[in-house]
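Chemist: Sequence:
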Amino acid sequence: MSMGTSILVALISFVAGVTVSVVAGRLSQRLKVSEFRQAWINSLREDIASYLGITQRWFHAAKMEEEPGKLFAMGNEASVILYRIKMRINPNENKHKREDDEFIASLERIQTTGGLPAVGLETHWATAAAEITLLARKLLKREWDITKQFRWW
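Under the numbering used here, residues 3 to 155 are what the sequence shown spells out, in order.
Hints are computed from structural coordinates only; laboratory data are not their basis.
The model shown is predicted, which means the values in this text are computed figures rather than measured ones.
Heads up, a few of these hints could be off.
Simulated crosslink set (BS3-like; lysine-lysine; CA at most 30 angstroms straight-line) [stated by the list, open to error]: (1) Lys140 with Lys150; (2) Lys143 with Lys99; (3) Lys65 with Lys150; (4) Lys150 with Lys34.
Please construct the entire structure, taking both the sequences and the accompanying hints into account.
Modeler: As structure tokens, this is what we get:
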């Protein structure tokens, strides 16, 4: 093999090695981001379900005229979960801002009874929970679709 051929082979090997290294690093980074995003989706799903569960118990307890201290504790637990959900949703302008704001508003609406009589509380909860479930499914599906998308850069 001539000296020129040896240099060319070495140069091609070097470029191929650098290219493989860059591509492997990028793929590894994308995989890690996807793992974190999937964990975020799972945690959000869990918090939404927990929020609906605690608000249902809270509304049922209010209907049964539970003592104020217990109602406050349930309401506080619901609020903590709500704040956790809100902190997961991007507040900045983006192409999904309207849908995200609608979802957050539905979560807040479930807690707003507007002075309903005790008999109307569970109906209010069921209607609001159905809306939250629908919007949550759309949001979670959207986020899953984004996670599945493969982008090189």
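Chemist: CA of Lys150 to CA of Lys34, is that 30 angstroms or under?
Modeler: holds, 13 angstroms
Chemist: Measure nothing beyond the straight line between the CA atoms of Lys140 and Lys150; if it is 30 angstroms or shorter, mark the hint as holding.
Modeler: Satisfied, since the Cα-Cα distance of roughly 15 angstroms is no more than 30 angstroms.
Chemist: Measure nothing beyond the straight line between the CA atoms of Lys143 and Lys99; if it is 30 angstroms or shorter, mark the hint as holding.
Modeler: Distance of about 16 angstroms is within 30 angstroms: holds.
Chemist: For the pair supplied as a hint, Lys65 and Lys150, is the alpha-carbon distance within the 30 angstroms limit?
Modeler: Since the Cα atoms of Lys65 and Lys150 sit roughly 44 angstroms apart, the hinted pair is violated (cutoff 30 angstroms).
When held up to the earlier numbered hints, the structure conflicts with hint 3 and nothing else.
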